[in-house]
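Participant: Listed here are the chains, written in short residue letters.
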Amino acid sequence: MTNRRDFLRTFAVGAAGLSLTGLPLEVLAKRKVTKLTILHTNDVHSHIDPFPANDPKYPGLGGVAQRAAIINDIRNKERNVLLLDAGDIFQGTPYFNLFGGEVELKLMSQLGYDAGTIGNHDFDNGVDGLSSQLKHANFPLIICNYDFKGTSMEGKTIPYKIFEKEDVRIGVFGLGIELEGLVDKKMYGETKYLDPLEKAAETAHHLKFNEKCDLIICLSHLGYRYPNKKVSDDVLAKKSLNIDLIIGGHTHTFIDKPFVYKNRDNKDVLVAQVGWAGIKLGRIDFFVDKKMRKLTADSTTLKVLNYARAI
Amino acid sequence: MSFRNILLVAAIVFSSCKQSAHLVKTETTTYPLNKPGYTEVDSSILNSYSTYKHTIDSIMDRVIIVSEMSMQKKTPEGLLGNFTADAALKQVENNFHSKDFSKIDFCFLNNGGLRAALPKGDITIGNIYSLMPFENEMVLLTLNGATTLKLINFIAAKGGMPVSGLTMHIQDSKVTEAKIQGMPFDSTKSYVVATSDYLANGGDNLSFLVDAEKKIVTGLKLRDLLIQYLEEKNKKGEKLSAKIEGRIIYDK
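One line per chain: the protein sequences are A and B, in this order.
Counting in our numbering, the first sequence runs from 1 upward without gaps.
Counting in our numbering, the second sequence runs from 312 upward without gaps.
Isolated chain A, as found in the complex (with noise of 0.2 Å):
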C-alpha cells in the first residue's frame, strides 16, 4: 500500500502544479513520454532445461526456451526493450561441467541479452575458463570493479555501456563481489578486485553528466544484504548517488517487486533481484519524459513513482 500512498501524494503535488501553470491538459498530454522496458535475469547457474518433475523445490519452473517465449512476446509488444543479467551465468548443471559455459552463453546471445556482470561461479573454470567462453557471446560482460590487468581477460570486458532507446540514453554498468574467501585464489588469478562503492559513485557520476543518461542502471553481483557490514545492494543504494536501478545477484532473493530505497539525495532508488536458475524474469517499466528535462537543464532532480503491478 505505501506505493499507493507516494502514488497519490505526487498526484496531489501535481495537481498543485497544474493550478499554478495554468496550461491546458491537452497540450500536457501530447508530451512524449518514452516507455523502457527492462528485462533481467541473475544467477541462471547453466539452468538450461526446466527443472526436473519431481524435483521437491521447483518442480517444471525455469528453462531458457521458456524464458525465450516470454521475451519474444514482450519485444512484440513494447518498442524500448533492454534485457540485462546480473552474474553467476556459469555453473549448476552438467551443461558447464561438460561444455564449459559454451552452450550459456550462445543461448543467451540467441535470446539477445544486451549485456551482463560477472559473479563469482563465473570463475569456477579460472580466469583462462571465462576468457576462452567469451567468443560464444555477442553481449559485453560490463563490470567496472574488478581490474584484470595481466590476466587473460585483460580488455575484454568494459566498465560501462550507454544504449540509445528513441531519445533517451541509458547508463548501464557492473560490480563484482571480493573474491578473496568466496573463490579459490587458483580460479581468479591476478584478478584485482576494487572498491565497489567508490567505483559505483565515480561510474554513475560520469555517465550522468559526462554522459548525460537519463537512466542509469547498476547490474551488481553484490548480493542483497548480509547480517554484517559487507558491502551489498543494501548498503549501495542507500550510499548512492545518481543510481536509478539496482539490478542484483548472487544471494538468489526473490524479490517480487523491487525495493525501493531513499538514497544520498533521498532519491529513489529500486532494488531487483529474481532470485536464481531462470525461474522468474523480472521486468520494470521506466517511463521518461525527456523533454521536460530539456526545458529545465540545471535539473537533476529524478521523481520515481513505483507503481507496482503483480503478475
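By construction, these hints were calculated from the structure, which means they are not laboratory data.
Any given hint could be a false lead.
Under the rule of at most 20 Å between Cα atoms (straight-line distance), these lysine to aspartate or glutamate pairs were calculated in the DMTMM-like manner [unchecked claim]:
hint	chain 1	residue 1	chain 2	residue 2
1	A	Lys32	B	Glu338
2	B	Lys526	A	Asp184
3	A	Lys185	B	Asp522
4	B	Lys431	B	Asp397
5	B	Lys385	A	Asp55
6	A	Lys32	A	Asp184
7	A	Lys149	A	Asp195
8	B	Lys469	A	Glu180
9	A	Lys77	B	Glu351
10	A	Lys149	A	Glu178
11	A	Lys199	A	Asp265
12	A	Lys185	B	Glu446
13	A	Lys165	A	Glu211
14	A	Lys186	B	Glu448
Chain B: place on chain A using the hints.
Facilitator: Same frame as chain A, but now just chain B:
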C-alpha cells in the same frame, strides 16, 4: 476507464508538468516461468541446444539408486548434509590410502556447496551433478587442538554445517559440548579432518584453515565419491536414506 487507469494517466500528465521530474513512473513485474499462463516454449531455442542436450541426457539420465525420501539442506542439521558428509567420509576412508595418516576423525562440508535437493525415488547421475556441480576434491587436514576449536566454533556460528563424526550442542551461537567419534573434544589433541579443497583453501571465510599442521590432497572429486557411494549401496540392494539424529543441537 477504471479508477486505476484514471490515476495512471493522471500521474503521467501531472508529473510531466512538474519542472523537476523527467522520470515519470516505473512499473515492475516478475514473470514466473512455467506457471500457468506462461507455458509457451521457443522451439528455435530448443533446436539450438538439442545436440548438447542429447549428449548430456545420455550420461545424466542413468538411475544409480532409489531414494526412500526427498532430501534438502537445513540448519542446524539436514538430511542432505548428513548424507553427503557421511558418504564423503566413508569413501575417502575406503579409497584413499596413505602412510601419512591413520584414520579420519570427522568430515565437514558447507551447505552453500550443496546446490540442489534430491528427490524421493529414482536418483540419476544428473541429480548428483545438480547437487554437487563443482569440481571440488577432498582434502585431509591435520588440525591442532586450537585450530580444531576454531573450526567447531565456526560451525556453531554458522548455525550448523554438514558434519560426520562430530556432534555438538550450541547455545547462543557458542559451542557448549563437542564430541569427536563419540569422545569429548580434547584441546591437547590433533585431529584429522576431511573436507573439500574449496573450504581447506579458506573458502567460505575459513581462512584459519591455512594454519593446518598438515594437508593431504587426495585427488578424489567429491562428486565422483558420491556417485561411487550410491552405486556401491545400490549394488548391495540398498536404498538411499538419511536421518536427523542430533549431530548438531541448539539448546535454549
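Participant: If a hint holds in the structure, say so; if it does not, say that too.
Facilitator: Against the structure, the hints:
no., hint, result
1, A:Lys32 with B:Glu338, "18 Å, holds"
2, B:Lys526 with A:Asp184, "16 Å, holds"
3, A:Lys185 with B:Asp522, "17 Å, holds"
4, B:Lys431 with B:Asp397, "19 Å, holds"
5, B:Lys385 with A:Asp55, "17 Å, holds"
6, A:Lys32 with A:Asp184, "51 Å, violated"
7, A:Lys149 with A:Asp195, "16 Å, holds"
8, B:Lys469 with A:Glu180, "19 Å, holds"
9, A:Lys77 with B:Glu351, "16 Å, holds"
10, A:Lys149 with A:Glu178, "17 Å, holds"
11, A:Lys199 with A:Asp265, "18 Å, holds"
12, A:Lys185 with B:Glu446, "15 Å, holds"
13, A:Lys165 with A:Glu211, "15 Å, holds"
14, A:Lys186 with B:Glu448, "14 Å, holds"
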